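Its first residue numbered 1, the sequence shown is counted upward by one per residue in our numbering.
Accuracy of the hints is not assured; some may be wrong.
Subject to a maximum C-alpha distance of 20 Å in a straight line, what follows is the list of computed PhoX-like cross-link-like pairs (lysine-lysine) [said to hold, decoys possible]:
1. 27 to 64
2. 27 to 39
3. 64 to 39
Read the hints as simulated data drawn from the structure, not as lab findings.
None of these values were measured; they are calculated from a predicted model.
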Amino acid sequence: MYGERVVMRLLDKNTVLLDLVEIGMDKAQLQIMESLIHKSHGIILVTGPTGSGKTTTLYAALSKINRPDPHHDHRGPGRVPAQGISQTAVNPKIELTFANGLRQLPSPGPGRDMVGEIRDLETAEIAIQASLTGHLVFSTVHTNDAAGAVTRLVDMGVEPFLVAPR
Numbered sequence: 001m002y003g004e005r006v007v008m009r010l011l012d013k014n015t016v017l018l019d020l021v022e023i024g025m026d027k028a029q030l031q032i033m034e035s036l037i038h039k040s041h042g043i044i045l046v047t048g049p050t051g052s053g054k055t056t057t058l059y060a061a062l063s064k065i066n067r068p069d070p071h072h073d074h075r076g077p078g079r080v081p082a083q084g085i086s087q088t089a090v091n092p093k094i095e096l097t098f099a100n101g102l103r104q105l106p107s108p109g110p111g112r113d114m115v116g117e118i119r120d121l122e123t124a125e126i127a128i129q130a131s132l133t134g135h136l137v138f139s140t141v142h143t144n145d146a147a148g149a150v151t152r153l154v155d156m157g158v159e160p161f162l163v164a165p166r
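Work the whole structure out from these sequences, hints included.
Spelled out as structure tokens, the structure:
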């Protein structure tokens, strides 16, 4: 066991649903985020290293625009309880991957979809395609800074013109 280490992340599901002010956004950041989360389509990527609050930020943004539907609230292990948000855990053993889950999104038409993390080309391409066809996609990319997200996506194989500013 020398040289090995175990990393465990503990998530208190009862306190993880914070709002954008509680996670530390100042007034200028809040205005930018407010304008982004109310767009009709596109992709919002939250970047940063492990433990930096990427997922917490996504849930705060989603809770800001969420319209609860008590008949459409699916929870389970590994997911944060959030009324009105359907959540599905990936399970590669039954071929339920991020990419396969994204393929099941209703299309065409407006929607707000969250992908926990874009970590491969297939997931990136499907998320980008959804964002170009009327979906607002929320996701994370594991990088050390925001600029690194562009490089990371291109390194995955995403066409550079798809990650260029518009």
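Okay, the hints, checked on the actual structure:
no.: 1; hint: 27 to 64; result: holds (15 Å)
no.: 2; hint: 27 to 39; result: holds (19 Å)
no.: 3; hint: 64 to 39; result: holds (13 Å)
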